[in-house]
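I would like the entire structure built from these sequences, with the hints used as guidance.
Read top to bottom, the protein sequences are chains A and B.
Residues in the first sequence are numbered from 1 upward in steps of one, following UniProt numbering.
Residues in the second sequence are numbered from 1 upward in steps of one, following UniProt numbering.
Honestly, the hints are just simulated from the structure, not real lab data.
Note that this is a predicted model, so its numbers are computed, not measured.
Mixed in with the good hints there might be a few duds.
Stated by the list, open to error - Some chain B residues near chain A, calculated using beta-carbon distances under 8 angstroms:
1. Pro401
2. Gly402
3. Glu404
4. Gly430
5. Pro434
Note that the Cβ used here is the ideal one computed from N, Cα and C, for glycine as well.
There are 2 protein chains.
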Amino acid sequence: MLYNPSNKSTPNIVIILMDDMGWGDLGVFGQPSKETPNLDTMAAQGMLFPNFYTANPLCSPSRASLLTGRLPVRNGFYTTNAHARNAYTPQEIVGGISKDEILLPQVLKKKGYVNKIIGKWHLGHRAHHLPLEHGFDEWFGAPNCHFGPYNSSDRPNVPVYNNSQMVGRYYEEFGIDKKTGESNLTQIYLEEGLDFIFHQNMAQRPFFLYWAADATHAPVYASKRFLGKSQRGRYGDAVMELDYSVGQMLAWLRALGIDKDTFVFFTSDNGAAVMSGPKQSGSNGPFLCGKETTFEGGMREPAIAWWPGHIPAGTVSQQLGTVMDLFSTSLSLAGLSVPDDRLIDGLDLSPVLHNNTLINRPIFYYRGNEMMAVRVGPYKAHYWTWSNSWEEFNQGINFCPGQEVAGVTTHTQQEHTMQPLIFHLGRDPGEKYPISAGTKEYQDVLSRITAVVEKHKKGLVPGVPQLNMCDMAVMNWAPPGCEKLGKCLKAPKSQPWKCDWPH
Amino acid sequence: MLYNPSNKSTPNIVIILMDDMGWGDLGVFGQPSKETPNLDTMAAQGMLFPNFYTANPLCSPSRASLLTGRLPVRNGFYTTNAHARNAYTPQEIVGGISKDEILLPQVLKKKGYVNKIIGKWHLGHRAHHLPLEHGFDEWFGAPNCHFGPYNSSDRPNVPVYNNSQMVGRYYEEFGIDKKTGESNLTQIYLEEGLDFIFHQNMAQRPFFLYWAADATHAPVYASKRFLGKSQRGRYGDAVMELDYSVGQMLAWLRALGIDKDTFVFFTSDNGAAVMSGPKQSGSNGPFLCGKETTFEGGMREPAIAWWPGHIPAGTVSQQLGTVMDLFSTSLSLAGLSVPDDRLIDGLDLSPVLHNNTLINRPIFYYRGNEMMAVRVGPYKAHYWTWSNSWEEFNQGINFCPGQEVAGVTTHTQQEHTMQPLIFHLGRDPGEKYPISAGTKEYQDVLSRITAVVEKHKKGLVPGVPQLNMCDMAVMNWAPPGCEKLGKCLKAPKSQPWKCDWPH
Ligand SMILES: [Ca+2]
Ligand SMILES: [Ca+2]
Chain A
1 MLYNPSNKST
11 PNIVIILMDD
21 MGWGDLGVFG
31 QPSKETPNLD
41 TMAAQGMLFP
51 NFYTANPLCS
61 PSRASLLTGR
71 LPVRNGFYTT
81 NAHARNAYTP
91 QEIVGGISKD
101 EILLPQVLKK
111 KGYVNKIIGK
121 WHLGHRAHHL
131 PLEHGFDEWF
141 GAPNCHFGPY
151 NSSDRPNVPV
161 YNNSQMVGRY
171 YEEFGIDKKT
181 GESNLTQIYL
191 EEGLDFIFHQ
201 NMAQRPFFLY
211 WAADATHAPV
221 YASKRFLGKS
231 QRGRYGDAVM
241 ELDYSVGQML
251 AWLRALGIDK
261 DTFVFFTSDN
271 GAAVMSGPKQ
281 SGSNGPFLCG
291 KETTFEGGMR
301 EPAIAWWPGH
311 IPAGTVSQQL
321 GTVMDLFSTS
331 LSLAGLSVPD
341 DRLIDGLDLS
351 PVLHNNTLIN
361 RPIFYYRGNE
371 MMAVRVGPYK
381 AHYWTWSNSW
391 EEFNQGINFC
401 PGQEVAGVTT
411 HTQQEHTMQP
421 LIFHLGRDPG
431 EKYPISAGTK
441 EYQDVLSRIT
451 AVVEKHKKGL
461 VPGVPQLNMC
471 DMAVMNWAPP
481 GCEKLGKCLK
491 APKSQPWKCD
501 WPH
Chain B
1 MLYNPSNKST
11 PNIVIILMDD
21 MGWGDLGVFG
31 QPSKETPNLD
41 TMAAQGMLFP
51 NFYTANPLCS
61 PSRASLLTGR
71 LPVRNGFYTT
81 NAHARNAYTP
91 QEIVGGISKD
101 EILLPQVLKK
111 KGYVNKIIGK
121 WHLGHRAHHL
131 PLEHGFDEWF
141 GAPNCHFGPY
151 NSSDRPNVPV
161 YNNSQMVGRY
171 YEEFGIDKKT
181 GESNLTQIYL
191 EEGLDFIFHQ
201 NMAQRPFFLY
211 WAADATHAPV
221 YASKRFLGKS
231 QRGRYGDAVM
241 ELDYSVGQML
251 AWLRALGIDK
261 DTFVFFTSDN
271 GAAVMSGPKQ
281 SGSNGPFLCG
291 KETTFEGGMR
301 EPAIAWWPGH
311 IPAGTVSQQL
321 GTVMDLFSTS
331 LSLAGLSVPD
341 DRLIDGLDLS
351 PVLHNNTLIN
361 RPIFYYRGNE
371 MMAVRVGPYK
381 AHYWTWSNSW
391 EEFNQGINFC
401 PGQEVAGVTT
411 HTQQEHTMQP
421 LIFHLGRDPG
431 EKYPISAGTK
441 EYQDVLSRIT
451 AVVEKHKKGL
461 VPGVPQLNMC
471 DMAVMNWAPP
481 GCEKLGKCLK
491 APKSQPWKCD
501 WPH
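Laid out in structure tokens, this is it:
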């Protein structure tokens, strides 16, 4: 179609990753308030992916998968402490990203890319887990979520790093007012991004920018200029500021004359956290449930690819894609191969981007190391269902508010391996009407899906689980740089325990 | 902004009205399958209205309101047989549109417009109720829904008219294969539309085309070329054919060079009939319930205005609009005034179309002659809630499948007049989280809404209810023209009864 090979054989790569933003939060994906004009314009100038998935409905494993091109069960971002539980990297986690994994920036270095991460890392916060140890040249952001404030004796506030040194902590030097929702963090991340782009362009070096702002993760925040501006409350304010930031970055690329040399991809790490209520969470559009679950609301993500002159404008791709494809696709665009010594789940989407072709591939939905569901074509088979436990649900924690579907959004872990629940996501995107097991359609689909699952399970070598052990001693008490700031805290004695993952 | 007054002081007017199509059925409104490229392009070239409403969640009252600019409770399209029930015009209805009402085409005639309706009329099928008796110059279509087939002794099949004469009946001359879903009706309606536009343009007469196809009303149908093409099943096939038809009509206007002289508005008569299941019904996106209910899923409609050179391209209007505004707006664009001898609920949206201004106005949600709810700004107050009766619900008829919200989607008629259920539709478009009555927000909103409701109720003079009486004798046994075709049937003796309206 429109493939005009660039002069540059190494296009810049910008991956814009949102935190807990839902498929239904963008105007172009059906948000009624239509408050994302910049993202909607990005879609009009690029390619929209309505069938794009994360690799896990929770931050850390999703991000590990994006950067390694591999399912969490392979890269170790899971737990074996209990069956089918999502694990992540809170401050007490002992583990993180393994040195055995190969991350996208590490491979990009082979072609001279300068790599920066801005925002949330979430692949472990101990020294050997940090971004500069895993291929990134620069970092501005934090290793964990912006929960807090903490009292510094039971638990430290999360540090903010500039490269390898902490420059302050959330709720201290980097304020987040939980009452008003005000914080300048997104503005800081934006400025960092614009600066980085400017300097790499001046130096004529190809760059990879991984822009991972987290304003849409609870506690959601926005800067003063955006607070109270949305019809949707504070969450919408955060979305408006992020939308503005994306618009600024794209305009910047255009102003610098490198828009045709820069591949930009926008997506989110997991579905909207609908359990947090409407002021603190987004929308998963027509999809069932949200974050933490393997229903579509937890796993289907907004996604837009943008690369003027290369990706045909205003197109919609029905390709089933995943965050892991960003690994393989970025390497392909940079003229690099994926590592050949391990199984890579990511697909090279460049034929899709250039010619809107369709590549047949399944989507696997994992919770911990359990394959909960699989999608083949328009059909999705659930082998296990679970929203959350009765104990939690009865305390008012609801992962599917207003969306209970009998026998589907279950509060006990339900095994369906002998007779999977099968949905047609084209005519039933909300996973409300299981196809009757007595029908020919069901039997035909099941035999096709069974073959896919058998192949997948046969080739599966689980990685060493990294998210089993916790210890208060490993928290961010005294990150590098704390001495200069006089912000070192004393760690308690090491007392490791098996982490408890409730979801 | 972009207002270039046309050479023609009387722009052509095309109102494209869908039947039971939901807000969430268009790509531009978030349908995951993104199978409406023509409508999405229409939006990109025109103005999108995410906050556009019908006047009643059922066909006949909605259509009566569109053509009269008045709420059903004023124009008589309601029943007093039971409290808060939706009524319509099945074949046994005695009533229909009153000669006391003034319809849009009647006023447009004053400026020389030629008026045609194509498709479903649904304002009564007895001789004095038909379109040519109420301002239309031409008609191709049917007076009732395409239910059937009937055996001609208990009930006749619904006639298809060409102007004042029947030319056949559904399931007889105008086939609908309920097994395969095949019917050519949309193609016939499209050809009728293109022909009409061509001839009026040749004759240099301003025209009003009311294109009211019904392929998305159960039993849904599509022509052979579209059957099996959608990811969404048969319903999606119908949507794809309608989307194609809209694209053809807009291309035709452009080919004839009259796109800049033609105001086109696309919307639907009520929300998707989600009770019919996913193969026979559409999507209401993030909204609660559907057709028959006064939740957003029943009342919020997809809406796009298109008028190149007049309406700024690619805009989104946050204006609260209703189908009744099409009456007032069309007259305004034609340089005509609305009737001054009666209350008109429709608003002139031309300032919105030209300058994207916002006009403050409430939305009233009626079921029968009961004001169930009202929207003021982003807030909606429910004075009565009801989805459907326990009797029906227990038989498996569910107006809110997979969407039960405790205390909201009730199966008894619940009165909340002393303490309305209030939702913020910006942060909670799905009407899942009533605002606590103890909050300041609730009290502030309630006092604003109460003033609006009191004013509305004070000025309300209900029309004579037209939908109370039924009689098998009035059905389409022997429509005009049946003699020539040899298709007259014998009517039974008149035995009127008070119609039973279950919803
Ligand atoms: Ca997240
Ligand atoms: Ca209808």
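Each hint, compared with the structure:
1. Because the closest C-beta pair between Pro401(B) and chain A is about 6 angstroms apart, less than 8 angstroms, the hint holds.
2. Taken as an interface hint, Gly402(B) checks out: its beta carbon lies about 4 angstroms from the nearest beta carbon of chain A, inside 8 angstroms.
3. Interface hint status for Glu404(B): upheld, as the beta-carbon distance to the closest one in chain A is roughly 7 angstroms, under 8 angstroms.
4. For Gly430(B), the interface hint holds, since its Cβ comes within 8 angstroms of a Cβ in chain A; the closest pair sits about 6 angstroms apart.
5. For the restraint placing Pro434(B) at the interface with chain A, the shortest Cβ-Cβ distance is roughly 11 angstroms, beyond the 8 angstroms limit, so the hint is violated.
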